[in-house]
Amino acid sequence: SQQGEEDPQALSIQEGENATMNCSYKTSINNLQWYRQNSGRGLVHLILIRSNEREKHSGRLRVTLDTSKKSSSLLITASRAADTASYFCATDLQGAQKLVFGQGTRLTINP
Amino acid sequence: DAGVIQSPRHEVTEMGQEVTLRCKPISGHNSLFWYRQTMMRGLELLIYFNNNVPIDDSGMPEDRFSAKMPNASFSTLKIQPSEPRDSAVYFCASNVGYSYNEQFFGPGTRLTVL
Numbered sequence: 001s002q003q004g005e006e007d008p009q010a011l012s013i014q015e016g017e018n019a020t021m022n023c024s025y026k027t028s029i030n031n032l033q034w035y036r037q038n039s040g041r042g043l044v045h046l047i048l049i050r051s052n053e054r055e056k057h058s059g060r061l062r063v064t065l066d067t068s069k070k071s072s073s074l075l076i077t078a079s080r081a082a083d084t085a086s087y088f089c090a091t092d093l094q095g096a097q098k099l100v101f102g103q104g105t106r107l108t109i110n111p
Numbered sequence: 001d002a003g004v005i006q007s008p009r010h011e012v013t014e015m016g017q018e019v020t021l022r023c024k025p026i027s028g029h030n031s032l033f034w035y036r037q038t039m040m041r042g043l044e045l046l047i048y049f050n051n052n053v054p055i056d057d058s059g060m061p062e063d064r065f066s067a068k069m070p071n072a073s074f075s076t077l078k079i080q081p082s083e084p085r086d087s088a089v090y091f092c093a094s095n096v097g098y099s100y101n102e103q104f105f106g107p108g109t110r111l112t113v114l
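Top to bottom, those sequences are chains A and B.
Start counting the first sequence at 1; every next residue gets the next number (the numbering used here).
Start counting the second sequence at 1; every next residue gets the next number (the numbering used here).
In short, the hints are calculated from the structure, not lab data.
A virtual CB, placed ideally from N, CA and C, is assigned to each residue, including glycine.
Check each hint, because a few of them may be wrong.
Partner residues aside, some chain A positions facing chain B, computed with beta carbon under 7 angstroms [said to hold, decoys possible]:
#1 His45
#2 Leu48
#3 Ala81
#4 Asp92
#5 Lys98
In silico EDC-like links for lysine to aspartate or glutamate, alpha-carbon gap of 16 angstroms or less [to be verified]:
#6 A/Lys69 x A/Glu55
#7 A/Lys26 x A/Asp7
#8 B/Lys68 x B/Asp57
#9 A/Lys56 x A/Asp66
#10 A/Lys98 x B/Glu44
#11 A/Lys98 x B/Glu102
#12 A/Lys98 x B/Asp57
#13 B/Lys78 x B/Glu14
#14 A/Lys98 x B/Asp56
#15 A/Lys70 x A/Glu55
#16 A/Lys26 x A/Glu5
#17 A/Lys70 x A/Asp7
Work out the full structure: start from the sequences and follow the hints.
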């Protein structure tokens, strides 16, 4: 099964509301990253949180990491139509030297 | 910087034909990754190179797939012979330092094998 699994698989909210997506993983990690993918495009890196960090902010993005629960959340505040995209978490497997991506959350922001 | 460049952007071919996908990483990046994305399997790492040397090719599906990186600015992913189940979007990504650092993705090549 996936190292990183996002929840929910799909999320639809109204513009201006906050969107929260969750990611769970199975093994110890060095860091966890979140990426965005607009339809028909490549992935774009949003934010990286290291295993010794608990929370990180970047603009309207807030990421938390709970290594005891092996989970992370991505919060997008004051959502905009342009935030409509798929969001992926990616974790590294310690010792494996590579990133493993989850299946993603498809976020739709309704105007 | 132009970012990661991939060509072609779209490829339609018939079963049994050879397909070659190309990638130019960001200048100065020393790691290059090939991924495949499908609805069923999500985003899968096929192979990655560090300093032009293949480090992990455990994700390469079978012998029909091969990848090369003859120099720091160019890589190819070849499928020979191609099959309909190879239809997917193939992404190239590059980065600096550890393979699990931030990765920069190209726009992808959408491959359709008829």
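Structure versus earlier hints, numbers of those that do not hold, lowest first: 3
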